[in-house]
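Spelled out from the first residue to the last, the chains are:
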Amino acid sequence: GAVVSQHPSRVICKSGTSVKIECRSLDFQATTMFWYRQFPKKSLMLMATSNEGSKATYEQGVEKDKFLINHASLTLSTLTVTSAHPEDSSFYICSASDTSSSSYEQYFGPGTRLTVT
Amino acid sequence: KQEVTQIPAALSVPEGENLVLNCSFTDSAIYNLQWFRQDPGKGLTSLLLIQSSQREQTSGRLNASLDKSSGRSTLYIAASQPGDSATYLCAVSGNFNKFYFGSGTKLNVKP
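Protein chains in written order, with the numbering used here: chain A, 196 to 312; chain B, 1380 to 1490.
It is worth saying that the hints were derived from the structure and are not from the lab. Where hints are given, some of them may not hold.
What the hints assert, rightly or not - Mimicking BS3-like on lysine-lysine, the simulated pairs with C-alpha atoms at most 25 angstroms apart in a straight line are: (1) Lys236/A x Lys1489/B; (2) Lys1447/B x Lys1477/B; (3) Lys250/A x Lys1477/B; (4) Lys236/A x Lys1485/B; (5) Lys1421/B x Lys236/A; (6) Lys1380/B x Lys259/A; (7) Lys1489/B x Lys237/A; (8) Lys209/A x Lys236/A; (9) Lys236/A x Lys1380/B; (10) Lys261/A x Lys236/A; (11) Lys1447/B x Lys1380/B; (12) Lys259/A x Lys215/A; (13) Lys215/A x Lys1477/B; (14) Lys1485/B x Lys237/A; (15) Lys1421/B x Lys1485/B; (16) Lys250/A x Lys215/A; (17) Lys261/A x Lys215/A.
Please construct the entire structure, taking both the sequences and the accompanying hints into account.
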C-alpha cells in the first residue's frame, strides 16, 4: 500500500527557535498534502492544505506566518513552525492521496511529536 | 462547516463481545468516509474506506456501513480481542479532499 513518511518522528526545541517537519509520499505522487495537529487526548484538527507549486491554503484560525508550508515537489511537503512556543507543542500529522487514484483515500504519516521547552 | 461526532467517547467490553461504534456527520455532501485506529502516542492506521457511492465495506472482523443521507456510519467489530484496544477515529472528506475528524471512541477490551 501507499506509504507516507514523516521526519523527524520526535523533536524537542527551545522556545523561540524554528522547527521543520518533512512529509514524504514514498511510492506515489501527491499534488496535495494536508497537515493536521492533535492536542493530547483530542482529535485531529486540519491546519492547512499544501499544494504542489503554489501557496498553501490555511484553515480559519491558523496563522500562516507561524506555520510555513512549502510543497516544492510531488513527493515532499514541509511544515516549519517558526518562533516556537510551548503552546505549539503538539502531535503533527500529514496526509496525502495518490494523484493518480480515483478513490481519494488519504494515507497518513506516522506523526511528529513536537515539544517546545 | 462539517462536524463529526462519535459516540460513545469510551467503551469497555469483555473479550469476545461484538460491538458497534457510531459516527455522525452534519453535511451529507461527502466524498469518502474513513475509519482509523490510533494507538497511544502513535499515528493513524487506516481500517476501512467507504466511498460515497458505497453502503459498506468489510475487512476481517470489521464491517463499516454508511448511510449518507442520514449522515451516519457505524463500525462493527466482531469477537473483540484485547489487541483491538485503541482509539477509533471516524473521518469524512468533502470539498478539496479535506478530512474532518470525530473526537474518537476509546475502546478497551478486557481479557
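Cross-check of the supplied hints:
A hinted pair counts as satisfied when its Cα atoms are at most 25 angstroms apart, and Lys236/A with Lys1489/B qualifies at roughly 21 angstroms. A hinted pair counts as satisfied when its Cα atoms are at most 25 angstroms apart, and Lys1447/B with Lys1477/B qualifies at roughly 17 angstroms. Distance restraint check for Lys250/A and Lys1477/B: the Cα-Cα separation of roughly 16 angstroms lies within the 25 angstroms cut-off, and the hinted pair is therefore satisfied. Taken as a hint, the Lys236/A and Lys1485/B pair is honoured in the structure, with Cα atoms around 10 angstroms apart against an allowance of 25 angstroms.
Annotation: proposed proximity of Lys1421/B to Lys236/A holds, straight-line Cα distance about 12 angstroms (limit 25 angstroms). Distance restraint check for Lys1380/B and Lys259/A: the Cα-Cα separation of roughly 20 angstroms lies within the 25 angstroms cut-off, and the hinted pair is therefore satisfied. As the CA atoms of Lys1489/B and Lys237/A are separated by approximately 23 angstroms, the hinted pair is consistent with the 25 angstroms bound. Our distance criterion of 25 angstroms between C-alpha atoms is met by Lys209/A and Lys236/A, whose separation comes to about 24 angstroms.
For the hint linking Lys236/A to Lys1380/B, the alpha-carbon distance of about 22 angstroms falls within 25 angstroms, and the restraint holds. For the suggested pair Lys261/A and Lys236/A, the alpha carbons sit about 24 angstroms apart, so the restraint of at most 25 angstroms is met. As the CA atoms of Lys1447/B and Lys1380/B are separated by approximately 16 angstroms, the hinted pair is consistent with the 25 angstroms bound. For the given pair, Lys259/A sits about 14 angstroms from Lys215/A by alpha-carbon distance, which is consistent with the 25 angstroms threshold.
The straight-line distance between the Cα atoms of Lys215/A and Lys1477/B is roughly 23 angstroms, inside the 25 angstroms bound, and the hint therefore holds. For the hint linking Lys1485/B to Lys237/A, the alpha-carbon distance of about 11 angstroms falls within 25 angstroms, and the restraint holds. For the suggested pair Lys1421/B and Lys1485/B, the alpha carbons sit about 14 angstroms apart, so the restraint of at most 25 angstroms is met. Under the criterion of a C-alpha separation no larger than 25 angstroms, the hint pairing Lys250/A with Lys215/A is consistent with the structure, at around 17 angstroms.
Proximity of Lys261/A to Lys215/A is assessed by CA-CA distance (about 12 angstroms); at most 25 angstroms being required, the pair is judged to hold.
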